[in-house]
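2 protein chains.
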Amino acid sequence: MALIEYLNSVQKIISDSKRVLTEKVDLYSYSFDASFGKYLPDLVVQPKSVQEVAELMKLANRYEIPIYPRGQGTSLSGGPLPVKGGIVLDLSQWDTKLDIDAEDMVAVVSPGVLTADINHAAMEKGFIYPPDPSSSNVSTIGGNLAENSGGPRGLKYGVTKDYVIGLEVVTPEGEIIRTGGRTVKNVTGYDLTKLMVGSEGTLGIITEAILRLYPKPQATRTLMAIFDDIVDSGKAITSILGSGILPSKLEMMDNASIRAVEAYEPLGLPVEAEALILIELDGHPAAIDDEITQVHDVCTAADAKEVKVAQDDKEASGLWKARKLVSPAIVREKPTKISEDATVPRSKIPEMFQRLKEIKERYEIDLVVFGHAGDGNLHPNIIADKRNQEEMRRVEQAVEEIFKAAIELGGTLSGEHGIGTLKAPFMEMELGEVGLDMMKRIKQSWDPKNILNPGKIFAEPGQKLVLTDD
Amino acid sequence: MALIEYLNSVQKIISDSKRVLTEKVDLYSYSFDASFGKYLPDLVVQPKSVQEVAELMKLANRYEIPIYPRGQGTSLSGGPLPVKGGIVLDLSQWDTKLDIDAEDMVAVVSPGVLTADINHAAMEKGFIYPPDPSSSNVSTIGGNLAENSGGPRGLKYGVTKDYVIGLEVVTPEGEIIRTGGRTVKNVTGYDLTKLMVGSEGTLGIITEAILRLYPKPQATRTLMAIFDDIVDSGKAITSILGSGILPSKLEMMDNASIRAVEAYEPLGLPVEAEALILIELDGHPAAIDDEITQVHDVCTAADAKEVKVAQDDKEASGLWKARKLVSPAIVREKPTKISEDATVPRSKIPEMFQRLKEIKERYEIDLVVFGHAGDGNLHPNIIADKRNQEEMRRVEQAVEEIFKAAIELGGTLSGEHGIGTLKAPFMEMELGEVGLDMMKRIKQSWDPKNILNPGKIFAEPGQKLVLTDD
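Sequence order for the protein chains is A and B. In terms of the numbering used here, the first sequence has 59 at position 59, counting the first letter as 1, and numbering is strictly consecutive. In terms of the numbering used here, the second sequence has 272 at position 272, counting the first letter as 1, and numbering is strictly consecutive.
Calculated directly from the structure, the hints in this document are not laboratory data. None of the hints are false.
One copy or any two copies: either way a pair holds, since identical chains are not told apart in the list.
Derived lysine to any residue pairs resembling SDA-like cross-links, with alpha carbons at most 20 Å apart: (1) Lys156 / Gln218; (2) Lys125 / Ser239; (3) Lys324 / Thr336; (4) Lys125 / Leu246.
Can you build the whole structure from these sequences, using the hints too?
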């Protein structure tokens, strides 16, 4: 009943009927994301202005109907899933603004702009927008803001949050506020900007963002080092970072990743090697020429079996191809990929490798490890077949063990994918009861009726990890 | 009555009676900071453990007595002032922990450690702790965290908040929580770490912090450029930043600052020049040698009257001396210095200069402008004599006009000094009623009895700017 009344009112707010979706076939497309679970929404609306969003939120409060903001649905943690029915706000169509201001060194963007497009536009004016999640060609900046997305360049440049200095936000009760602004320094009251980024659409809907840009590095150099012993690769990483060099990327692949890629597309990778690391340096040409020699020497001293330095951009792309192919390669082996992002302090990477090996053996799972080794943000990926329920039970247990291992080593549940529905049951394990309660108090004070993206971050009593779609 | 009971209980928590101060002469030392106003506390306690702080907070809630955390009292906005009586928690004596972990590239520190000491300890191991507020030799990291302090290196390296990845916090109700951790990437729930930093001691008491370190740059170079026209200096700044060079520092001084310094200590500065800028580059020697030439050419093209490049560290120190002497020089002219930090987008610096000139003339005040021009964080300083009440009234009006100008130009009330008591009356002007209300909701939900640092950030009804000590 409430929903029908709501629908009538929505049609008054959104005059363009094409932007209000009610057909089952349309609703189905919004029932899933890149994680697990299917939940059919009652309605999908595609707003294109802050006024529309504000009015929709006000209405939703009046009728007490859940609202789920959504970008392109690439979430790996269930962020946009309409778990309690209600309305999906699809913001992916709202990509009207992408302004680069060279003087203030900022980009001002609408929520539906694709993240890679921001970087391309910035590069045309001599800047970069550094955050580079793997999904950046298909994911929206709105989704990246909600989840505080990372990426390989995080090691040197930080994550999405480090670049957001101002927001326009519709509060859970439908009020429009502005946080921060165009200045890098701002200490006027609580930092609502950084509170919003990474709050997974539970504290407000971001309708515009002001993002810092960075001068475009003059040059980049790439190096690949191959190791017979994974512990040696860890030592090489520590030595490089300890030598005063801060690479723009420092990625690793374990033996299983190397084998999967080589089976998918023969690149001449050493299938017997236990690990390889890929390093990109950026900056002044003279500086990185010097640094690449240092990195070469450090890897050799750490018993690298082979060190390859790309002589030009083409060779560099060739080396990076191995890393890019890991995801497509591993899903060819089995159809279901559980991509984790449990993160540990850099010094604990060797211990985390050991723990992962034990978990792999104990639960007899197919585990592949690769990722952003430079900042401790590994991506242990389990490949499985979700039609095999017995296997999925073992996978669920293994995932829980991975979370426990990360937390015991002083790390965190999630480095860049977010909590969503998937990791909500484990929040108290990391934060403790009081820590979690302080977060809930903020949610409660901003969204007393729990209208905005309910069922995320905070678990329902008894909620458990579920990696099936039913 | 409540206070006497509280005192008895405090003496049970703090067995060392030297750390509980009740003598009037002691209390007086805690009645002021580096801003305006004198407020005598009822009691001063110097806790040295998280358990002591937690128990003191729990007691304070039971007896409903205000608690004011305090570092070295260098606040320019009234952050630690005990405006409603009650108890000052002096954390400056708690400096037990200063651990540098080279592998994780972090420092773990107690709240009373001096900020400059963190950088010195980091440098011994090949790192830097970049935030460098002018007070860093005397201010505590706890105070820097509460206020989210900036400094000249903010242009390239960001502010305090950008380096804080984990905290131990006592909540306003006396519970102990940990936020974040030792990993740079962490998206597990709301970002309470960055919410705490800059919350001016109103949301919790920070008892330990984990700070990111950065590899120590191999070299630095310094350049001074002198301009007959202040607008040309602004153009030079924009051109430098637009050329892809990101200096570690980019400071400016106006004619009044130059004259004041030259009168204080003759350094051979050009007293007729309208502005000078000082630039420091850091990084790889080959890179900065190249960049300093580019900066030189840009300044010359922007009609600099003279450009001096320091040939060694000694010459560089000589050039920076001018900037360091501004503060001592201007207070010799008149005893009262009102140091503002209203910040504007970089592109609005020339307009802000114009507005400041008009304000100076309209209110007949002694206004000196210098500061962090590279990031728009100027420091308009008014020098006056607070015994002259008529002058101080004009100063109060001028300060209000400066805030209005900054906000109208898309800037902010405070870039790095905080709101405290001083700027609280102007919060709504920048944030609007709803924006301010969202902040109040957080405070209310965390500190329902308003025990922790009451009277800060949020103005009392009718509260006005007061720049006297009465």
